[in-house]
Amino acid sequence: MTTAKQSQVTKNARTVRMQWLMDEIVTGFEVYRSGFRFQSCLDFVFWLKNAELFTLTYGAIVRQLLTDLEEVEEVNKQLDQMGYNIGVRLVDEFLEKSNVSSCVDFKETAEVIAKVGFKMFLGVTASVSNWDSEGTTCSLILEDNPLVDFVELPDNCQGLYYCNILSGVIRGALEMVSMKTEVTWLRDMLRGDDVFELQVKLLKQVPEEYPYKDDE
Amino acid sequence: MIGVGKIKQYTNVLDRPIGKGKQEVSLSAFAFLFSELVQYNQTQVDNIAELERRLEDAGYAVGARVLELLCHREKGNRRETRLLGILSFIHSTVWKVLFGKVADSLEKGTEHEDEYMISEKELLVNRFISIPKDMGAFNCGAFVAGIVRGVLDNSGFPAVVTAHFVPVDGQHRPRTTILIKFAEEVLQREARLG
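Chains A and B supply the protein sequences, listed in that same order. Start counting at 1 in the first sequence, then tack on 82, and there's your number in this note's numbering. Start counting at 1 in the second sequence, then tack on 21, and there's your number in this note's numbering.
No lab work stands behind these hints, which were simulated from the structure alone. All residues carry an ideal CB built from backbone N, CA and C; glycine is no exception. Incorrect hints may appear among the rest.
Below are the DSS-like pairs computed for lysine-lysine, each with C-alpha atoms no more than 30 Å apart in a straight line [as the list claims (entries may be wrong)]: (1) B:202 with A:197; (2) B:142 with A:197; (3) B:202 with B:142; (4) B:41 with A:179; (5) B:122 with A:201; (6) B:43 with B:142; (7) A:283 with A:262; (8) A:197 with A:179; (9) A:201 with B:202; (10) B:122 with A:179; (11) A:179 with B:202; (12) B:43 with A:197; (13) B:117 with A:179; (14) A:201 with B:117; (15) B:41 with A:201; (16) B:43 with B:122.
Far from chain A, some chain B residues (derived; all Cβ distances over 12 Å) [what the hints assert, rightly or not]: (17) 89; (18) 113; (19) 159; (20) 194; (21) 196; (22) 210.
Produce the entire structure from the sequences given, and follow the hints as far as they go.
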């Protein structure tokens, strides 16, 4: 390479690096403002370099369920149940790796799920919106979802919530931290909407029960 | 990020760009999903052979799709017609894309002409799974065996693929070997092609 080209390349590299630094500073400032130190916790997560194995395995699961159960409603319920089982165990790992202190209210919980939780497991962030007046219901909006790459719903499965496992995961995870919730799908990209929207409604906060009686 | 445009909505899924395969998910997400798959299948069957068969069938579907995806993306739509070609495709490309590394080894069986083995010190799917004593020889690698069978079958190399544990001296956990036994017609075709 000639020296002119070399200097051009290094200049480009420097510009790119400057841009990256600026982005990092902006993100860092936002992170600081929001009070979550989530950038560092993501270093402890083992990443699968390619989400396709994950996507295809999930597709195989849904296909197996459809063949076995045949009824779309049954499949939805089974996916939700599987998600619940996952969520119950997932929350342990999440709390261990993310180092977040306990959330003050449901608003903070929803933010943590959307920004840290989804990023830690699925590699995508969601956004929170549509809070109701009491602060007990909100919507999690996902624009990018690794579960639905390459997927199209056929005509005979139109009632299927393909990503229903996600609603089960959130429900299970929140139940383990003493919040009973109801999670439903408002918008689904596979049905023609432009994003995935999950509505999370806090039903009640169950205080932790001491499992042993005092006298015995 | 501020100002990122929304992804264009394609009406037909076949028109959407395939993507470079750079999206990442966490290993634990996959491990949880796989454990649910195994647990669900355990409720549906009575014995181990059935369970392995169901896992293999699930893997077969994955393998068929992986082959299509990789042929288009990595190999520019060229097919493998030779035995060694398809085996090295599985051993390096498929393994690299699915598990992030090439398989540990590819060997030819000494006793039979039609047997080949792909070995892995610790299969990704087996990493977080412990087999209780009463399940004996059950191996969750049956899922990966299914993937390999899916790729081979759909490339025109019918074979019987199974997963086995092979204890290794000096190592606490046994090695996993995927045993591939090709059908007669594959060997005859190989011999004809010279």
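Could you work out which earlier hints the structure fails to respect and list their numbers in ascending sequence?
-> 1, 2, 9, 11 and 17
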